[in-house]
Structures are given as structure tokens and as C-alpha cells.
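Chemist: Below are the chains, spelled out letter by letter.
Protein chains: 2
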Amino acid sequence: MIERLLLGPGPSNAYPEVLEALSQPVLGHLDPVFLSLLDETSERLRSVFKTSNALTLPISGTGSAGMEACFVNLLEPGDTGIIGVNGVFGERMCEVARRCGAEVLRVEAPWGDPIDPQRLLDTQSANPRARVVAVVHAETSTGVESEIAPLSILQETDTLLIVDTVTGLGGVPVNVDAWGVDACYSGTQKCLGVPPGLSPITLSPRAVERIKNRSIPAQSWYLDLGLIGDYVGAARKYHHTAPTSMIAALHAGLGVLLDEGLEASWARHRSVGSQLQSSLVERGFKLIAQDGYRLPQLTAAWLPEGSDEATLRRALLDGWSIEVGGGLGAFAGKAWRVGLMGHSARPESVERLINAVDALGLNGSLN
Amino acid sequence: MIERLLLGPGPSNAYPEVLEALSQPVLGHLDPVFLSLLDETSERLRSVFKTSNALTLPISGTGSAGMEACFVNLLEPGDTGIIGVNGVFGERMCEVARRCGAEVLRVEAPWGDPIDPQRLLDTQSANPRARVVAVVHAETSTGVESEIAPLSILQETDTLLIVDTVTGLGGVPVNVDAWGVDACYSGTQKCLGVPPGLSPITLSPRAVERIKNRSIPAQSWYLDLGLIGDYVGAARKYHHTAPTSMIAALHAGLGVLLDEGLEASWARHRSVGSQLQSSLVERGFKLIAQDGYRLPQLTAAWLPEGSDEATLRRALLDGWSIEVGGGLGAFAGKAWRVGLMGHSARPESVERLINAVDALGLNGSLN
Numbered sequence: 001m002i003e004r005l006l007l008g009p010g011p012s013n014a015y016p017e018v019l020e021a022l023s024q025p026v027l028g029h030l031d032p033v034f035l036s037l038l039d040e041t042s043e044r045l046r047s048v049f050k051t052s053n054a055l056t057l058p059i060s061g062t063g064s065a066g067m068e069a070c071f072v073n074l075l076e077p078g079d080t081g082i083i084g085v086n087g088v089f090g091e092r093m094c095e096v097a098r099r100c101g102a103e104v105l106r107v108e109a110p111w112g113d114p115i116d117p118q119r120l121l122d123t124q125s126a127n128p129r130a131r132v133v134a135v136v137h138a139e140t141s142t143g144v145e146s147e148i149a150p151l152s153i154l155q156e157t158d159t160l161l162i163v164d165t166v167t168g169l170g171g172v173p174v175n176v177d178a179w180g181v182d183a184c185y186s187g188t189q190k191c192l193g194v195p196p197g198l199s200p201i202t203l204s205p206r207a208v209e210r211i212k213n214r215s216i217p218a219q220s221w222y223l224d225l226g227l228i229g230d231y232v233g234a235a236r237k238y239h240h241t242a243p244t245s246m247i248a249a250l251h252a253g254l255g256v257l258l259d260e261g262l263e264a265s266w267a268r269h270r271s272v273g274s275q276l277q278s279s280l281v282e283r284g285f286k287l288i289a290q291d292g293y294r295l296p297q298l299t300a301a302w303l304p305e306g307s308d309e310a311t312l313r314r315a316l317l318d319g320w321s322i323e324v325g326g327g328l329g330a331f332a333g334k335a336w337r338v339g340l341m342g343h344s345a346r347p348e349s350v351e352r353l354i355n356a357v358d359a360l361g362l363n364g365s366l367n
Numbered sequence: 001m002i003e004r005l006l007l008g009p010g011p012s013n014a015y016p017e018v019l020e021a022l023s024q025p026v027l028g029h030l031d032p033v034f035l036s037l038l039d040e041t042s043e044r045l046r047s048v049f050k051t052s053n054a055l056t057l058p059i060s061g062t063g064s065a066g067m068e069a070c071f072v073n074l075l076e077p078g079d080t081g082i083i084g085v086n087g088v089f090g091e092r093m094c095e096v097a098r099r100c101g102a103e104v105l106r107v108e109a110p111w112g113d114p115i116d117p118q119r120l121l122d123t124q125s126a127n128p129r130a131r132v133v134a135v136v137h138a139e140t141s142t143g144v145e146s147e148i149a150p151l152s153i154l155q156e157t158d159t160l161l162i163v164d165t166v167t168g169l170g171g172v173p174v175n176v177d178a179w180g181v182d183a184c185y186s187g188t189q190k191c192l193g194v195p196p197g198l199s200p201i202t203l204s205p206r207a208v209e210r211i212k213n214r215s216i217p218a219q220s221w222y223l224d225l226g227l228i229g230d231y232v233g234a235a236r237k238y239h240h241t242a243p244t245s246m247i248a249a250l251h252a253g254l255g256v257l258l259d260e261g262l263e264a265s266w267a268r269h270r271s272v273g274s275q276l277q278s279s280l281v282e283r284g285f286k287l288i289a290q291d292g293y294r295l296p297q298l299t300a301a302w303l304p305e306g307s308d309e310a311t312l313r314r315a316l317l318d319g320w321s322i323e324v325g326g327g328l329g330a331f332a333g334k335a336w337r338v339g340l341m342g343h344s345a346r347p348e349s350v351e352r353l354i355n356a357v358d359a360l361g362l363n364g365s366l367n
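Respectively, the protein sequence lines represent chains W and H. Heads up: the first sequence runs through residues 1 to 367, numbered per our numbering. Heads up: the second sequence runs through residues 1 to 367, numbered per our numbering.
In short, the hints are calculated from the structure, not lab data.
Chain copies aren't distinguished; within one or between two, either way the pair holds.
Derived DSSO-like pairs (lysine-lysine); straight-line CA-CA distance at most 30 Å: (1) 50 - 212; (2) 286 - 334; (3) 237 - 334; (4) 237 - 50; (5) 286 - 237; (6) 212 - 237.
Sequences are here, hints too, so could you generate the full structure?
Modeler: In C-alpha cells, the structure reads:
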């Protein structure tokens, strides 16, 4: 058995209660005991997303499946989608939308900067028939948080708002209803402290209406939210076999989070994130995300100059059993991504990592 | 904690080694320890599928995601697909193919009968440009096994063979290479004794070639086997975060199966299936699947006349903690589907069920 301290961009370490839930006997997907656990999971997700949306559930796939579920259900061929792009996951949204046959209007910002919500709104004003505006709340490739609240004004238009908060949910405030988000998806393996494999999503009543009024069925049967809604809703109609053990794990993880309290969890992430970021800066790392828009739970940082990041990262894993992530895109080979998410977001995690960094001689200020 | 004896159409009970694996600390999807576990999982899947296909892996979704992965990667809009339909899962294939923009030619058989392979071959001869022939090996809605081996002759044509063996794999012989199957998918929660959530699939070299030569990308980004192949293959390129804990569970379940031996597992399923089927017939149940084509691991049976199936099924769950499945389609309200799969395929399971059936007074021969 190998035990890692998981400080990469996800997965994070699972809460003990989650591993305990995973070790329990399997339940059937139509067992009344499981169905009430599923209902309770949806209810807990509503609390965590801060929404009263009826259609709130875990998609049977990872965060990218949640992304795809939102796009394939809300877009039809020929629709226009306005998409903010400031990292890998904005790019991914464009690719998924394109595969739905949509025309994509990109609103770009340099990697490391947030998306200016006003630019999304201006693009929507110039293209009022756009079906969706989509933006990543917490960019896992750069550690940047983009502001979502100003986009709530889209509720006054016919354009739906899709938000990716895979890395945000549980770690920083997410306010689906107050922000006017029509479709929001997350992942279990970040700030929820559950292994990867499910994608919590929630859709507003007007998004559900949109799905009902589609002219052709969603191109994905597996991710068809109309059909899935008939299973998680009152009809209990079999669609596919729900991943019951992983849903029990999510149920347990959400229980831990809500017992701690959302505000307390956000404060914990904020505290350890700022501890980490100042420790790294002291050691000659340079933070990639723009000041004022830094996620506490995911820090992307340039290593001190001359550092061999891949070798050092491997040494960290082999010598200290600590996993951090490498940079993506232009940051590959030169940056790390350090996650402090869910159960991993502890002061001890920062201490263990910084001790190892120091032991590795990774201290740019002394170079 | 509720412990069920899972004798429905899936999930089955998980092997103890599988629950043990699920309770282990989470690993990252790029951790070398996890990657070697993933490689070993693919190698074990090759043994179980009886194939040397390089592209053999667990899809990050349930069996239906595996089905969709095969169709969206192999079909393009305007292609023709010939599909055998003798139950729910053949119908589902048609729906998935249709959503890919394909024209579907149905080769039907009554529910409870197998698909005659010659009729599939004749339809292919009349439509030699058909892109795929697709058929369900083990129909979970009826308990029927259809013969796949005669379809190996499709290897001499330009038509690819897709086979659904969600309920077959591990319980009855599956011979991907000898049968000339180009794309084969299964599920973890049936005869593999692993919770639901992953879909093992394997693609032949000519299927991979077909994917490379597509004129447009697959409509699903999440299920794009070209991109996923770059992660499970030597490139190790990040696509989506692999569900590491569930893959560790599958790894463990395949280990149990291969330690027992495929032939021994098939024999065990055959033995308990025939024990169950004769016990049910003695009690006035009528088997739905045609004689000679009955799956041992999944038995669909009409209840003795006048039985209130839903009430009895609920009594079985509440009083004996035994889950069996209800009938689908025309069998709803009148039939049960009883699974003896993976870890659930034990003589004790049959005894517990039959004792309960007798206690419920469910004995048509006495009526």
C-alpha cells in the first residue's frame, strides 16, 4: 500500500469517511436505501452549490463528462457559444462546443489573468442570439479565479450561463442561484475530498426548459439530462446503472464538508493557500496568477530559475511521497501546480511540502 | 450499514478484495505507481477479453458509456449500421447510433430469442458498405446469449463488428480475437464483481485505423478514443482525470478472476445458473430465454400465474435482504431477472433465494 500526500491539481486525498463509505457492501441502483442516499446526495449538492435547482445530481463520469453534459444538452448544431478562454479548461470548452456543431466566439485573456466579465457581456450584447456564455470559475491550469457574479445580468437575456467550477466548489464561494448560473459542473476529486469519477452538476429551471424544447435529441445518449432526470427524479426510470459506491462516497464527502460548514471550509482553504503562497515566494518561486485573482486551493508557480522541475517533482514523489503537478502549456517544464484541496488542505500539508522543498535545496532566494 | 445479497441484473456483490482496494488511499492519475497499475489492468483485461489488442482499457463511465464510446468513434454521420435487436440493449444501440447521425438497419428477433448471425451476415452482404454490424452477446433484459463466432467472417469485409458483452464477460466464454470482434465493451458490475462505474473496452487494430481515418472528430470529446489512447498508451498525455480508485478496484477484481481462472469462473457460473433455473422451473416459473441460448448468469423468468411480482420482490428485499430485478418492456410486472454474477455466483446464493421464494409461498406447482 502506497500512501501519498496529494498536493497536485487533483485528485486530493480523500476524507477518511469517504474511504470508509467506499469499503461498504455494494447497493443496487434501484434499492430504496440507495435511492434515498441519492436523493440526500442531491440535496447536499444543492446546499454546496447554493441553489434550489431541482435538476442537481452527480453525472456518472469525471469533471470533463460534466462539462460535456452541459454543452451537449444546451447546444444544438448552428448555435453560437461565447466562451472565455484563459487556460486549458476554457480551451476544452471550445473544443467540446465545436463538436456539438456550435459556432464558438472566444473571449481570451492571457494565461494567469482572469476573464473580464464585462468583455463576456459586451460580446453577448453584440450577439444577443448566442445560446450560451461559458466561463471557467477556477482555472486549474493557472490557479486563477474569474468573477462570475457580474454575469448574473445574463438572466435578463435569452443567453444561458455555463460555469465550470471543478476546482472551485467547496474551496471558495460558489453561489449558483445568486450568480444566475444556468448550468454548473464540478468534480469530486478536488475540494470535495472524494476520489475522481463523478461530476456534480446543477441546471436552472430555464436550462431544463431549454433542454425540453430542443429540436433534436442531445447527441449523447449517456449524458442526456432529460433521460437522466427521469431516473434521479420522481419517475425513477432506469437509464444507466448508477455508480452506487462512488455516489455513496460523494454522499459521505459532502457530509464531511457540510458538517464543517461551507464558510469554515472556505476559510481553511484560504488560510493554507496564503501560507503556501507566501512560503513559496520567500523561496524564489513566482506566482503565475494575477494578484487579487489567486485561488487559495490551487497555486501555479514558476520554479526558481535554473530548477529542473521534472526531476525535482519526481524526487518529491519518490523521497517524500508528496505529489505536486507540473505546468501545462507554456508553463510545462518550468512551473508547478500545487493543490491544497479538501482533506489535503491542512497546515501540515504545507509544512511537509515546504520542508521537502527546502531539503531539495529548492530555494531561489539563496541561489 | 446494509448488506444485500445482490441477485438482480447488476450490480452484483463485489469481491472482498475489491472493497479492500477501494478503501486504500487515493493515487494520482499520473503517479508512476498508478500508471503501472493501469497498465496491469489493461493487461488483465486483454487476458479476460482473450485479445492482443493494444487499445484495451477501462472507459471512465458505466457500460452504456462503453457502448457510446464504440459507436461515436466508429460511426460518422451518414454511415450505415446494422444492429441486432432482441431486447433493451439492442434498442439502446440503435438509439445511440441514430444520435451519431447513422442510418440504422435493424435485424430483429423476438425478446427471448437469440439473433441469428446468418441474418446479420445476409444484411451485411446486401449492404456491403455498412460501417458496422453490432450485436449484444448477452442480453441483460432477457437472459439470452447470441452466437458471435460465426460473425468472424466480417473480418473479410470492410464492415466492423461491435459486440456488447456487458453481462457476458467473466461469466461465459468471450473470445474477442477468435470471434473477430473489432470493438467490444463490458461493465464492471456484472460477472467481474466490481461496483458499477467503469466500462472495459477493447478495439482491434483495424478499428483503431478506422478512428485515425475519420473525416471529422468523434462527436464526444470525453469518449474520444484517439485522445484517451494517448493517455493509456506510451504518450501518457493528460486527457481527463482517470477514476483511479475505481480502476484500482477493477484491477483487484480482475486479479481475483484470473487467480480463479476463466474456465473455472465460467464453470462456476454455469453450475449455479443451471441449479437456479431448474429450481425455478420446479416451482412453476417459466424461463423466458429460448432453450439452448440461456445465460447461466442472468435468468429472466415469468412468475407463477397470479403472482404479484412487485410486492413479492419488495418482500424479498425487506424480509431477506435479497435483491432481484423486475422484468423490462413486455415482461414488466410479470417476470423477474435473477443474476448470479461474479462474487454473487455461489450455490449459497441460490439456496438463500430459493428458501425465500418458498417461504413467500411463491410455488406455482402447488397453486
